[in-house]
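Q: Okay, here's what each chain looks like letter by letter:
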Amino acid sequence: MKIGVVTFPGTLDDRDAARAVRHAGGEAVALWHNDADLHGVDAVILPGGFSYGDYLRCGAISRFSPVMEPIIKAAQGGMPLLGICNGFQVLAEAHLIPGALTRNHELHFLCRDQKITIENTNTAWTSSYKQGEEIVIPLKNGEGAYMCDDETLAMLEGEGRIIARYVGENPNGSRNLIAGITNERGNIVGLMPHPEHAIDSLTGPSADGLGFFTSVLKALVK
Amino acid sequence: MAKIVVDVMLKPEILDPQGKAVAAALPRLGFAFAKDVRQGKRFEIEVDGEPTAAQLADVEKAAEVLLSNPVIENFTVRVEK
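Chains A and B are the protein sequences, given in the same order. Just so we're aligned, residue 626 is where the first sequence starts under my numbering, counting upward by one. Just so we're aligned, residue 9 is where the second sequence starts under my numbering, counting upward by one.
For the record, the hints were derived by calculation from the structure and aren't laboratory data. Hints may contain errors.
[Said to hold, decoys possible] Which residues of chain B face chain A? A few of them, derived with a C-beta cut under 7 Å, are:
1. Pro-25
2. Ala-29
3. Val-30
4. Ile-80
5. Thr-84
6. Val-87
Beta carbons: idealized from backbone N, C-alpha and C, even for Gly.
Isolated chain A (complex conformation) (with noise of 0.2 Å):
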């Protein structure tokens, strides 16, 4: 299974998203931004990292990138698509998923092992896990606070859309702790902690984030 990892200018965790591919047993495939043709990957990455420098708004810019327009495409047709942290703000950019990723409430960029749960097992990132597992993985973000209006924050609570949620004091106000949501359809899932960072105890803090990766190996084998 081809999984495909997006790099925009100002991408970080392109090669580690390609690693905890490889990790959970796929094959990573790079893409590049400015390449609007996806070389045949059944599924998306988006990275996190700074891409245009966070100019403008995080995510504004490269949602136009030539890259996208395939990839918003084959989403909208089912593809599994991940977006984590930056890629998280890039799907929201997209109207890919609803919402909008703002300054952390207390204004400071944080780097830390985060505890969360995981709420809602039917998405293509997440079945490998139990319903209510609590993971833990970093979380690194300036700009992490999810926002919608009231309605929108109700239709996701009463369709299950919450796919991760953080456990304890809240991080980064995003409101009711929402750590990740996923679309409809249950492909598009945006994330802002980060599991291709904790794939194995060697270099991470646990290795609860592969899950995410075989979750999308499973969902594709189907």
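Using the hints provided, position chain B relative to the given structure of chain A.
A: Frame of chain A; chain B shown alone:
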């Protein structure tokens, strides 16, 4: 040469931590006037001659698609001489 100005502000219901930080800093400097501060963005777009209605319509479109994120922000477009 005219300037088209686009002001982008976070919607009132969206928390603005930067504005809050500025509002907290003002009294520390002895400025006691501010009840609240909101911080936004201003784009100055230069065009040749008087902006046409079509240009202004295009700017409106660009403001909606790129310069602002309508999920969290409002914008206004005006011409400055």
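Q: Take the hints in turn and mark each one as holding or not.
A: Do the hints match the structure? See the list:
1. Pro-25: holds (5 Å)
2. Ala-29: Nearest chain A Cβ about 6 Å off; hint holds.
3. Val-30: Interface hint status for Val-30 (chain B): violated (11 Å vs cutoff 7 Å).
4. Ile-80: holds (4 Å)
5. Thr-84: Where the cut-off is 7 Å and the nearest Cβ of chain A is about 17 Å from Thr-84 (chain B), the hint is violated.
6. Val-87: Violated, because the Cβ-Cβ distance from Val-87 (chain B) to chain A comes to roughly 22 Å (cut-off 7 Å).
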